[in-house]
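Number of protein chains: 2
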Amino acid sequence: MRINSLISVYSLAAAFILISSSVTLAASPASDPTDSIPHSLFTVGIGGGLIGGLYDGFYPYELLKKHGDFGLGAPDKLDGELLVFKGEIYKTQHTGKTSLVNEHELTSFAMVNFFRADRRLAPPKGLNKGALFHYLDSVLTNVNGMYAIHISGKFKTVKTRAFPPVKAHQHTPLAEMLNLQKFFEYKNCEGDLIGYRLPPFMDNTNISGYHFHYLSTQKDNGGHIIDLLTDDIVIEIDTLNSYTIQPPATKDFEHFDFKKNREEDIKSVERGGKN
Amino acid sequence: MRINSLISVYSLAAAFILISSSVTLAASPASDPTDSIPHSLFTVGIGGGLIGGLYDGFYPYELLKKHGDFGLGAPDKLDGELLVFKGEIYKTQHTGKTSLVNEHELTSFAMVNFFRADRRLAPPKGLNKGALFHYLDSVLTNVNGMYAIHISGKFKTVKTRAFPPVKAHQHTPLAEMLNLQKFFEYKNCEGDLIGYRLPPFMDNTNISGYHFHYLSTQKDNGGHIIDLLTDDIVIEIDTLNSYTIQPPATKDFEHFDFKKNREEDIKSVERGGKN
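As you go down the protein sequences, you meet chains U and B in turn.
Take -11 as the starting number for the first sequence in this note's numbering and just add one per residue.
Take -11 as the starting number for the second sequence in this note's numbering and just add one per residue.
The set of hints was computed from the structure by calculation and includes no laboratory data.
Hints may be right or wrong, so weigh each one.
It does not matter which identical chain is used: a pair holds within one copy or between any two.
Straight-line alpha carbon distances no greater than 25 Å define the calculated PhoX-like cross-link-like pairs of lysine-lysine that follow [to be verified]: (1) K262 to K247; (2) K247 to K117; (3) K248 to K262; (4) K248 to K65; (5) K239 to K65; (6) K142 to K255.
Kindly produce the complete structure, drawing on both the sequences and the hints.
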């Protein structure tokens, strides 16, 4: 009886998702080829720790791949920006170079999931970042929901950034290194935005709100999204329903002060500036 | 090479755990009989949500059991205090009645793990709650570590509390209902404390610091620990290294304001009073 009511809640949610879709997709496969839970986000590291200076990698990319084929993150020593797409892991460095990572190397912070779209949307053209997020907010109505978001197509402008690597054992807070960011601006380009909208209760461990990284179709440009202007794009949504956190296995982590409030730092780092 | 260094970190951690143990235990089984990750905490619901009034159950006990044989939580509508021990789920109601739950019923918030001790400790007798926590702090040196803690033996005093059930769709914040708590005091009793010490970065989704529920050896008394005085006890520790959160699948959850700071409310509810 109670089980039935739980199943009903999930069925209703599923029905709602299908009804509200612009395009109804084929059902997701019943299980992934791995042991991972479907529609679950896997996070390596603690967002507040990365922002506060825990840049040392501790989790190999080859293990990360077992938990998702889609996602974003930071390489060991903050050497660029990570993006995971169709099971491949790319990094864009401060030189602008974008390449596949060496799978034996490490990440200090990353979030991934096995992307299985439950909705596909075709928004109007010519949206800037604010308008795109406003459009997404109108569709993703559960303010406490977790959404993986894949945006593909043509852009009039994409502006990204990447950090240069820190020295070994350097722990300067990220918000104090914003002047070191390198910015890149691509005009009339084509590619994929890989990202998430995460709810307020995930602040600190993850990063709440919207967060996207970019990869060009040619896999030669990328970075953390600072601004954009869309042309002709398609949006796919994977509604997530649980998440797992794997905290760092480092000595520095054991002594890190998580009681300090880094909310403003997290926001300024995500935006790429204090304003 | 990098993989080796990760393995080394884990080996060092494991070695440290063994060296620092009062008693070295046999190695844990390589895998659990279920699909769950070993040494991983599974949480149903969001702690800040329960504290703020999300009392409606949504997750059946029979599913909860698949994620752990040890833990604690709250029943649907806050009808008492939950405890999970050796795979059985008990609730202690405000009448003092302690009984096994009906597995088709629901929990609104619970955390469980498959308990596999990596350390066993025999502390001195006569510790009050503060002294016991101080003793545990001296042993559990990673301030950002996650520990499941099982304390069994004899107690000179155990003081517990349980809440009476709320009405359907009642969402009065828990800190405003502390006057409704019923307290129970047991003298020269024997039983088990089931609980956790969780780190500051898990505040809001879970409850940071120490948190214990009690079950008598006869399985006839229990509740949320308010105070205690130990006699002859043994402590077992399971060091956890990851956690999963399953947010509520309820409409009320979708509109819940997690931006409000409930840190003080969480502390006063855990302690059982404002002081």
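Status of each hint after checking the structure:
no.: 1; hint: K262 to K247; result: both (22 Å within a copy, 21 Å between copies)
no.: 2; hint: K247 to K117; result: between (32 Å within a copy, 23 Å between copies)
no.: 3; hint: K248 to K262; result: both (19 Å within a copy, 23 Å between copies)
no.: 4; hint: K248 to K65; result: within (22 Å within a copy, 34 Å between copies)
no.: 5; hint: K239 to K65; result: within (15 Å within a copy, 42 Å between copies)
no.: 6; hint: K142 to K255; result: neither (27 Å within a copy, 50 Å between copies)
Consistency with the previously given hints fails for number 6 only.
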